[in-house]
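Novice: Sequence:
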Amino acid sequence: MRKLLPLIGTPARSHAGGRSAMTCRFRCGDACFHEVPNTSGNPYAGEIIAGAIGRRAMVRAAAVVSVAAATAGTLGAGAAPAAAGTAGKSAGKPGGKPAATGARGLRYSSVAPNTADAVTVPDGYAQNVVIRWGEPILRGAPAFDPEKQTAAAQAGQFGYNNDFLALLPLPGECDRQLLVANHEYTDEVLMFRGYDPANPTRQQVEVAWAAHGLGVVVVEEDRRTGKLTAVPRHHLNRRVTATTEFRLTGPAAGSALLKTSADPTGTKVLGTLNNCSGGTTPWGTTLHGEENFNQYFAHGGRTTDKRYGIGTGATERKWERFDERFDVAREPNEVHRFGYVVELDPYDPASTPRKHTALGRFKHEAATVRLTDDGRPVVYSGDDERFDYFYKFVGSKRMKKGSGRAVREHNLSLLDEGTLYVARLTGDSPALEIDGTGKLPADGEFDGSGEWIPLATATAKGAVSHVEGMSAEEVFVFTRLAGDKAGATKMDRPEDIQPSPVTGKVYVALTNNTNRGVGANAEADEANPRNANKHGHILELTERRGRPESTSFAWSLFLVAGDPDDPATYFAGFPKGDVSPISCPDNVAFDPHGNLWISTDGSQLGSHDGLFGVATRGARRGELKQFLTVPTGAETCGPVIQDRRVLVAVQHPGEVDGATVEKPASTWPDGPGKIVRPAVVAVWRKDGRDIGV
15 MRKLLPLIGT
25 PARSHAGGRS
35 AMTCRFRCGD
45 ACFHEVPNTS
55 GNPYAGEIIA
65 GAIGRRAMVR
75 AAAVVSVAAA
85 TAGTLGAGAA
95 PAAAGTAGKS
105 AGKPGGKPAA
115 TGARGLRYSS
125 VAPNTADAVT
135 VPDGYAQNVV
145 IRWGEPILRG
155 APAFDPEKQT
165 AAAQAGQFGY
175 NNDFLALLPL
185 PGECDRQLLV
195 ANHEYTDEVL
205 MFRGYDPANP
215 TRQQVEVAWA
225 AHGLGVVVVE
235 EDRRTGKLTA
245 VPRHHLNRRV
255 TATTEFRLTG
265 PAAGSALLKT
275 SADPTGTKVL
285 GTLNNCSGGT
295 TPWGTTLHGE
305 ENFNQYFAHG
315 GRTTDKRYGI
325 GTGATERKWE
335 RFDERFDVAR
345 EPNEVHRFGY
355 VVELDPYDPA
365 STPRKHTALG
375 RFKHEAATVR
385 LTDDGRPVVY
395 SGDDERFDYF
405 YKFVGSKRMK
415 KGSGRAVREH
425 NLSLLDEGTL
435 YVARLTGDSP
445 ALEIDGTGKL
455 PADGEFDGSG
465 EWIPLATATA
475 KGAVSHVEGM
485 SAEEVFVFTR
495 LAGDKAGATK
505 MDRPEDIQPS
515 PVTGKVYVAL
525 TNNTNRGVGA
535 NAEADEANPR
545 NANKHGHILE
555 LTERRGRPES
565 TSFAWSLFLV
575 AGDPDDPATY
585 FAGFPKGDVS
595 PISCPDNVAF
605 DPHGNLWIST
615 DGSQLGSHDG
625 LFGVATRGAR
635 RGELKQFLTV
645 PTGAETCGPV
655 IQDRRVLVAV
665 QHPGEVDGAT
675 VEKPASTWPD
685 GPGKIVRPAV
695 VAVWRKDGRD
705 IGV
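Converting from the sequence shown to my numbering requires adding 14 to each position, the first position being numbered 1.
No lab work stands behind these hints, which were simulated from the structure alone. This one's a predicted model, so the numbers in the text were calculated from it and none came from an experiment. One thing to keep in mind: the hints can contain errors.
[Unchecked claim] So the derived label-pair ranges between C-beta atoms look like this: (1) Tyr-361 to Gln-217: 32 to 38 Å; (2) Lys-414 to Gly-533: 51 to 57 Å; (3) Leu-446 to Ser-566: 23 to 29 Å.
Idealized CB from N, CA, C, for every residue including glycine.
I would like the entire structure built from these sequences, with the hints used as guidance.
Specialist: Here's what the structure looks like:
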């Protein structure tokens, strides 16, 4: 998350990013309450960015004239009024038609900030639940019954806490697409009646194993309404769980660091855990980032364990009681087999998913791919931890076109050979001009340059380390330590990273970091001119000569989140009276028009999380508009933006401190008397036209 100045008059929350204690426990293992894993002396880059709001903001604001606010319609039940000075007035016409103003693709009436226990969408738009946790998708899977859930049933049903989404074409099947979803983690207290956190049962643990992982399900469009529904028992439907066999590939595969008593080859591992965001590849597969894997492993004690946030005691879920591989003291290398980017071939249900060690081991938030001019893959990924880094992998093999088996196998090996880099950002102002308040330095701006520092290179003949004192295998398994040694720039929880398909510029979502400048943590420097970043920000990177394989780049401030009335916020220079308030950007995606869409996690503005669209170019660059909000306790994930449809994953609804099955905090999506269920939601225009035009 980005480091910004705190909002004036906004009280600090006890949990990072405004999350509940339950979220901190079950999703990331209380990561924000552990000692910061990165104790290196590397510079911190969160606040450099926030300073760019001065001179350029005024220049940009002066250039953007006569722009009408296109904003929120009628508030729903439980809605909070829009903040003063924000886009709180509807530009929509009577009758609920979409607003006519805004950048192309963003011409909808902004949804006002609210606290409704619902998915709230703009006037003139409709929605439906595509698929919920527990709905059967495989042949033989029973109907969902939360009172009689078994591991076998869950393994054939849609998993829990859907995060990353991908919609892929399905040739030969009219009006159908292939939906791929991450199932990041489980909220046992919201899944099992009478759950005792101190004494989970084997059955509950095995259900949780089956609820983790990945899901593949065919979905079908109703052309008359825009509704999207799941097609159960389709032959391509698939569940990947915490016990599915995976293949370790790349330079660390077979390393002594990855060998266990159950797998002396160091090439096979059961399951994937805490898959957060991901990406799609030009060759038709999906990538999935293993993020907060550390929370599943107990009794760590080594220096490397500490650097990855692995605790010395028991875990929250107590899985180590039922499988010794989750006990580091008993199986020390098992934890080294998690924290990678997973590749899945969703068109082949019998295929073995792969974990690519060449992309490094850390808390991967995402993995997004673009190709060089000569067809080599470049993969961007953030390490979602306070004061950690973001990375780039440049492949050395070219993608082949075609659909034959040999071509498919070649393309599935593209991410096993190439060079892994970590980012270092540099500012251009004297250190004495950075006083921690965000005051602009004498040159009036906070632009800078950056370099991609090589960590290791993998080839078909072996791998070479570029980090002194570390072998190549150590670099790929202990990538955080390699980044420390290389002098990478500390960031405020780098999460999703997306290159624009229109301009090629790369956008990095940094969610927040309230620890900047607190206690013994590093004070502001040229890269971090403001402390206590509660609301996050977004960086815009321009690779040298527009080439993704370049080893240098320019960076600039694009968006500093928060209440637009706060002088510390910045929206690419767009007039702040005409934008929606936003806090804690997390996942990002692009629409067909080149607009950036941002989903949030842990808003600290008193409203629910949501999905926002923002123009990245043209006269309306920086015009940010809220498209939807999610229910109580939920986070907005996904998202997928198509011409005629927006898809979001509503993750962990009802995840509020003290909530249980018996005392739910949310009744979404099925109403009172029904168990709260994470789900995927589709949104479309009632008139059948494209989104936001």
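Novice: Compare the structure with each hint and give your call.
Specialist: Do the hints match the structure? See the list:
Look at Tyr-361 against Gln-217: about 34 Å separates their beta carbons, and that is inside 32 to 38 Å. Checked against the given bound of 51 to 57 Å, the beta carbons of Lys-414 and Gly-533, roughly 53 Å apart, stay inside it. With their beta carbons about 26 Å apart, Leu-446 and Ser-566 fall inside the hinted range of 23 to 29 Å.
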